[in-house]
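The sequence shown begins at 511 in the numbering used here and counts up by one.
It is worth saying that the hints were derived from the structure and are not from the lab. There may be inaccurate statements among the hints.
Below 30 angstroms or equal to it, Euclidean Cα-Cα: the simulated DSSO-like pairs (lysine-lysine) are [claimed, not checked]:
(1) 585 with 698
(2) 698 with 734
(3) 671 with 698
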Amino acid sequence: MKKVLIISFLLLAGCSGSGRLSYDSPSDAYEKGLAHYEAGRYSRAAQYFQGVFDFGRTHEWAANAQLYLARSYRKNRDYILAASEYTRFSELYRADPRAADAEFERAMTFFERSPQIELDQTDTRRGVEAFNLYIQLYSDHDSVGVAIQRVGELRQKLADKQFHAAVLYERRGLYQAAALSYEVVFDKFPDTPLADDALLGAMRCYIEFSAQSIEARQPERLQKAITHYQRLLDLFPESEVMDEARELGDLAEGRLDELIADSATL
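Assemble the whole structure, with the sequences as input and the hints as a guide.
Shown next, in the form of C-alpha coordinates:
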(Lines of atoms letter the chains of each structure in order from A and count residues from 1; the text may use other names and numbers.)
(Lines give C-alpha, C1' and ligand atoms only; values in the text may rest on other atoms or scores of the structure.)
Protein backbone atom coordinates (compact mmCIF):
# COMPACT_ATOMS: atom_id res chain seq x y z
CA MET A 1 0.00 0.00 0.00
CA LYS A 2 2.81 2.39 0.91
CA LYS A 3 4.54 1.62 -2.39
CA VAL A 4 1.34 2.41 -4.34
CA LEU A 5 1.00 5.78 -2.57
CA ILE A 6 4.60 6.70 -3.39
CA ILE A 7 4.11 5.83 -7.07
CA SER A 8 0.86 7.83 -7.20
CA PHE A 9 2.59 10.83 -5.62
CA LEU A 10 5.41 10.67 -8.15
CA LEU A 11 2.95 10.47 -11.05
CA LEU A 12 1.01 13.47 -9.77
CA ALA A 13 4.21 15.44 -9.27
CA GLY A 14 5.30 14.63 -12.79
CA CYS A 15 1.97 15.77 -14.25
CA SER A 16 1.98 19.03 -12.34
CA GLY A 17 5.55 19.74 -13.28
CA SER A 18 4.89 19.20 -16.99
CA GLY A 19 2.74 22.34 -17.10
CA ARG A 20 5.30 24.66 -15.56
CA LEU A 21 6.93 27.43 -17.53
CA SER A 22 10.69 27.57 -17.79
CA TYR A 23 12.58 30.69 -18.82
CA ASP A 24 15.59 32.54 -17.44
CA SER A 25 15.38 35.91 -19.22
CA PRO A 26 12.83 38.13 -20.96
CA SER A 27 14.20 37.14 -24.35
CA ASP A 28 13.90 33.46 -23.45
CA ALA A 29 10.27 33.89 -22.35
CA TYR A 30 9.46 35.90 -25.47
CA GLU A 31 11.07 33.48 -27.92
CA LYS A 32 9.28 30.52 -26.34
CA GLY A 33 6.02 32.42 -26.41
CA LEU A 34 6.52 33.28 -30.07
CA ALA A 35 7.25 29.64 -30.91
CA HIS A 36 3.98 28.56 -29.27
CA TYR A 37 2.12 31.40 -30.99
CA GLU A 38 3.38 30.42 -34.44
CA ALA A 39 2.45 26.80 -33.69
CA GLY A 40 -1.11 27.84 -32.84
CA ARG A 41 -0.81 27.12 -29.10
CA TYR A 42 -2.19 30.49 -28.08
CA SER A 43 -2.99 29.81 -24.44
CA ARG A 44 0.55 28.59 -23.82
CA ALA A 45 1.97 31.49 -25.81
CA ALA A 46 0.05 33.96 -23.64
CA GLN A 47 1.58 32.43 -20.52
CA TYR A 48 5.09 32.93 -21.83
CA PHE A 49 4.40 36.46 -23.06
CA GLN A 50 3.05 37.25 -19.61
CA GLY A 51 6.25 35.81 -18.18
CA VAL A 52 8.28 38.42 -20.04
CA PHE A 53 6.93 40.99 -17.58
CA ASP A 54 8.47 39.14 -14.65
CA PHE A 55 11.56 41.09 -15.67
CA GLY A 56 9.80 44.46 -15.90
CA ARG A 57 8.21 46.50 -18.68
CA THR A 58 11.09 48.75 -19.72
CA HIS A 59 13.37 46.23 -21.46
CA GLU A 60 13.53 45.72 -25.22
CA TRP A 61 11.20 42.71 -25.22
CA ALA A 62 8.33 44.32 -23.32
CA ALA A 63 6.50 45.99 -26.20
CA ASN A 64 6.70 42.89 -28.39
CA ALA A 65 5.45 40.72 -25.56
CA GLN A 66 2.57 43.08 -24.80
CA LEU A 67 1.40 43.15 -28.41
CA TYR A 68 1.66 39.41 -28.85
CA LEU A 69 -0.05 38.80 -25.54
CA ALA A 70 -3.05 40.71 -26.91
CA ARG A 71 -2.82 38.85 -30.21
CA SER A 72 -2.65 35.50 -28.44
CA TYR A 73 -5.85 36.23 -26.56
CA ARG A 74 -7.53 37.37 -29.75
CA LYS A 75 -6.44 34.26 -31.65
CA ASN A 76 -7.82 32.21 -28.76
CA ARG A 77 -11.12 34.15 -29.00
CA ASP A 78 -10.66 35.61 -25.53
CA TYR A 79 -11.81 38.93 -26.91
CA ILE A 80 -12.39 40.73 -23.61
CA LEU A 81 -8.85 39.96 -22.44
CA ALA A 82 -7.48 40.82 -25.88
CA ALA A 83 -9.16 44.24 -25.88
CA SER A 84 -7.76 44.95 -22.43
CA GLU A 85 -4.22 44.03 -23.47
CA TYR A 86 -4.42 46.05 -26.69
CA THR A 87 -5.50 49.02 -24.58
CA ARG A 88 -2.54 48.44 -22.28
CA PHE A 89 -0.21 48.39 -25.28
CA SER A 90 -1.62 51.70 -26.54
CA GLU A 91 -1.24 53.30 -23.13
CA LEU A 92 2.29 52.07 -22.45
CA TYR A 93 3.84 52.18 -25.92
CA ARG A 94 2.21 55.15 -27.68
CA ALA A 95 5.34 55.87 -29.71
CA ASP A 96 5.65 52.31 -30.99
CA PRO A 97 5.31 52.14 -34.80
CA ARG A 98 2.71 49.37 -34.36
CA ALA A 99 0.38 51.55 -32.28
CA ALA A 100 -1.99 51.95 -35.23
CA ASP A 101 -2.06 48.19 -35.78
CA ALA A 102 -2.86 47.66 -32.12
CA GLU A 103 -5.70 50.20 -32.22
CA PHE A 104 -7.20 48.57 -35.31
CA GLU A 105 -6.87 45.09 -33.83
CA ARG A 106 -8.51 46.26 -30.59
CA ALA A 107 -11.49 47.50 -32.60
CA MET A 108 -11.64 44.15 -34.35
CA THR A 109 -12.11 42.37 -31.02
CA PHE A 110 -15.44 44.19 -30.60
CA PHE A 111 -16.38 43.41 -34.19
CA GLU A 112 -15.67 39.75 -33.55
CA ARG A 113 -17.73 39.79 -30.33
CA SER A 114 -20.69 41.55 -31.95
CA PRO A 115 -23.65 39.14 -31.62
CA GLN A 116 -26.79 38.48 -33.63
CA ILE A 117 -29.35 41.30 -33.60
CA GLU A 118 -31.62 39.48 -31.15
CA LEU A 119 -28.98 39.91 -28.43
CA ASP A 120 -27.56 42.91 -26.59
CA GLN A 121 -25.54 45.13 -28.95
CA THR A 122 -23.16 46.75 -26.45
CA ASP A 123 -20.11 45.29 -28.20
CA THR A 124 -21.46 46.43 -31.56
CA ARG A 125 -21.65 50.02 -30.32
CA ARG A 126 -18.20 49.73 -28.75
CA GLY A 127 -16.88 48.47 -32.06
CA VAL A 128 -18.23 51.53 -33.88
CA GLU A 129 -16.61 53.79 -31.28
CA ALA A 130 -13.28 51.92 -31.43
CA PHE A 131 -13.08 51.96 -35.23
CA ASN A 132 -14.00 55.65 -35.34
CA LEU A 133 -11.25 56.40 -32.81
CA TYR A 134 -8.75 54.44 -34.90
CA ILE A 135 -9.81 56.31 -38.06
CA GLN A 136 -9.51 59.64 -36.25
CA LEU A 137 -6.07 58.89 -34.83
CA TYR A 138 -4.54 57.12 -37.83
CA SER A 139 -6.35 58.46 -40.90
CA ASP A 140 -3.46 57.50 -43.21
CA HIS A 141 -3.03 53.94 -41.96
CA ASP A 142 -3.32 50.99 -44.32
CA SER A 143 -6.40 49.50 -42.63
CA VAL A 144 -8.58 52.62 -42.63
CA GLY A 145 -10.54 51.36 -45.64
CA VAL A 146 -11.33 48.12 -43.83
CA ALA A 147 -12.26 50.06 -40.70
CA ILE A 148 -14.73 52.21 -42.63
CA GLN A 149 -16.30 49.07 -44.06
CA ARG A 150 -16.56 47.49 -40.59
CA VAL A 151 -18.21 50.63 -39.21
CA GLY A 152 -20.80 50.36 -41.96
CA GLU A 153 -21.46 46.71 -41.12
CA LEU A 154 -21.81 47.41 -37.40
CA ARG A 155 -24.07 50.41 -37.98
CA GLN A 156 -26.24 48.28 -40.25
CA LYS A 157 -26.56 45.74 -37.45
CA LEU A 158 -27.61 48.45 -35.00
CA ALA A 159 -30.15 49.71 -37.52
CA ASP A 160 -31.45 46.16 -38.00
CA LYS A 161 -31.81 45.79 -34.24
CA GLN A 162 -33.79 49.03 -33.91
CA PHE A 163 -35.92 48.25 -36.96
CA HIS A 164 -36.66 44.77 -35.63
CA ALA A 165 -37.87 46.32 -32.35
CA ALA A 166 -40.13 48.69 -34.28
CA VAL A 167 -41.64 45.81 -36.25
CA LEU A 168 -42.36 43.90 -33.05
CA TYR A 169 -44.07 46.93 -31.49
CA GLU A 170 -46.16 47.37 -34.62
CA ARG A 171 -47.22 43.73 -34.68
CA ARG A 172 -48.38 44.05 -31.07
CA GLY A 173 -50.42 47.13 -31.87
CA LEU A 174 -48.17 49.45 -29.86
CA TYR A 175 -48.20 52.08 -32.57
CA GLN A 176 -46.72 55.00 -30.64
CA ALA A 177 -43.71 52.94 -29.53
CA ALA A 178 -43.37 51.54 -33.04
CA ALA A 179 -43.47 54.99 -34.65
CA LEU A 180 -40.83 56.31 -32.26
CA SER A 181 -38.62 53.28 -32.92
CA TYR A 182 -38.89 53.72 -36.68
CA GLU A 183 -37.94 57.37 -36.23
CA VAL A 184 -34.82 56.35 -34.31
CA VAL A 185 -33.77 54.16 -37.24
CA PHE A 186 -34.03 57.11 -39.62
CA ASP A 187 -32.53 59.69 -37.25
CA LYS A 188 -29.51 57.60 -36.20
CA PHE A 189 -28.92 55.54 -39.34
CA PRO A 190 -30.00 57.66 -42.33
CA ASP A 191 -27.15 56.23 -44.40
CA THR A 192 -28.37 52.62 -44.16
CA PRO A 193 -30.69 50.81 -46.61
CA LEU A 194 -33.43 50.79 -43.96
CA ALA A 195 -33.87 54.57 -43.85
CA ASP A 196 -36.74 54.73 -46.36
CA ASP A 197 -38.44 51.67 -44.86
CA ALA A 198 -38.20 53.33 -41.45
CA LEU A 199 -39.93 56.49 -42.69
CA LEU A 200 -42.66 54.37 -44.27
CA GLY A 201 -43.09 52.45 -41.02
CA ALA A 202 -43.34 55.67 -39.04
CA MET A 203 -46.04 56.93 -41.45
CA ARG A 204 -48.02 53.73 -41.12
CA CYS A 205 -47.83 53.72 -37.33
CA TYR A 206 -48.70 57.40 -36.85
CA ILE A 207 -51.84 56.87 -38.95
CA GLU A 208 -52.80 53.88 -36.80
CA PHE A 209 -51.89 55.74 -33.60
CA SER A 210 -54.08 58.63 -34.70
CA ALA A 211 -57.02 56.27 -35.16
CA GLN A 212 -56.56 55.08 -31.56
CA SER A 213 -56.34 58.63 -30.19
CA ILE A 214 -58.95 61.05 -28.98
CA GLU A 215 -60.10 63.43 -31.68
CA ALA A 216 -58.17 66.38 -30.26
CA ARG A 217 -54.85 64.53 -30.67
CA GLN A 218 -55.50 63.02 -34.08
CA PRO A 219 -54.41 66.01 -36.23
CA GLU A 220 -50.87 66.24 -34.81
CA ARG A 221 -50.32 62.52 -35.33
CA LEU A 222 -51.61 62.61 -38.88
CA GLN A 223 -49.37 65.62 -39.50
CA LYS A 224 -46.35 63.58 -38.39
CA ALA A 225 -47.24 60.94 -40.96
CA ILE A 226 -47.50 63.65 -43.63
CA THR A 227 -44.15 65.12 -42.56
CA HIS A 228 -42.47 61.73 -42.98
CA TYR A 229 -44.09 61.39 -46.39
CA GLN A 230 -42.52 64.70 -47.42
CA ARG A 231 -39.15 63.44 -46.19
CA LEU A 232 -39.52 60.36 -48.34
CA LEU A 233 -40.36 62.48 -51.36
CA ASP A 234 -37.39 64.75 -50.78
CA LEU A 235 -34.76 62.16 -49.86
CA PHE A 236 -35.82 58.94 -51.59
CA PRO A 237 -37.93 59.86 -54.63
CA GLU A 238 -36.89 56.65 -56.44
CA SER A 239 -37.45 54.34 -53.45
CA GLU A 240 -39.32 51.10 -53.96
CA VAL A 241 -41.63 52.06 -51.07
CA MET A 242 -42.90 55.24 -52.73
CA ASP A 243 -46.11 53.71 -54.12
CA GLU A 244 -47.19 52.61 -50.65
CA ALA A 245 -45.99 55.90 -49.19
CA ARG A 246 -48.19 57.87 -51.61
CA GLU A 247 -51.23 55.86 -50.61
CA LEU A 248 -50.51 56.45 -46.92
CA GLY A 249 -49.77 60.12 -47.55
CA ASP A 250 -53.08 60.57 -49.36
CA LEU A 251 -54.86 58.73 -46.55
CA ALA A 252 -53.29 60.91 -43.85
CA GLU A 253 -54.01 64.13 -45.76
CA GLY A 254 -57.60 63.07 -46.41
CA ARG A 255 -58.24 62.28 -42.76
CA LEU A 256 -56.61 65.51 -41.65
CA ASP A 257 -58.77 67.51 -44.07
CA GLU A 258 -61.88 65.82 -42.69
CA LEU A 259 -60.90 66.69 -39.11
CA ILE A 260 -60.24 70.30 -40.07
CA ALA A 261 -63.58 70.51 -41.88
CA ASP A 262 -65.43 68.96 -38.94
CA SER A 263 -63.84 71.38 -36.48
CA ALA A 264 -64.79 74.34 -38.70
CA THR A 265 -68.48 73.42 -38.53
CA LEU A 266 -68.54 73.35 -34.73
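- Message: When the structure is checked against the list of hints, which entries are broken? Sort them ascending.
- Response: 1
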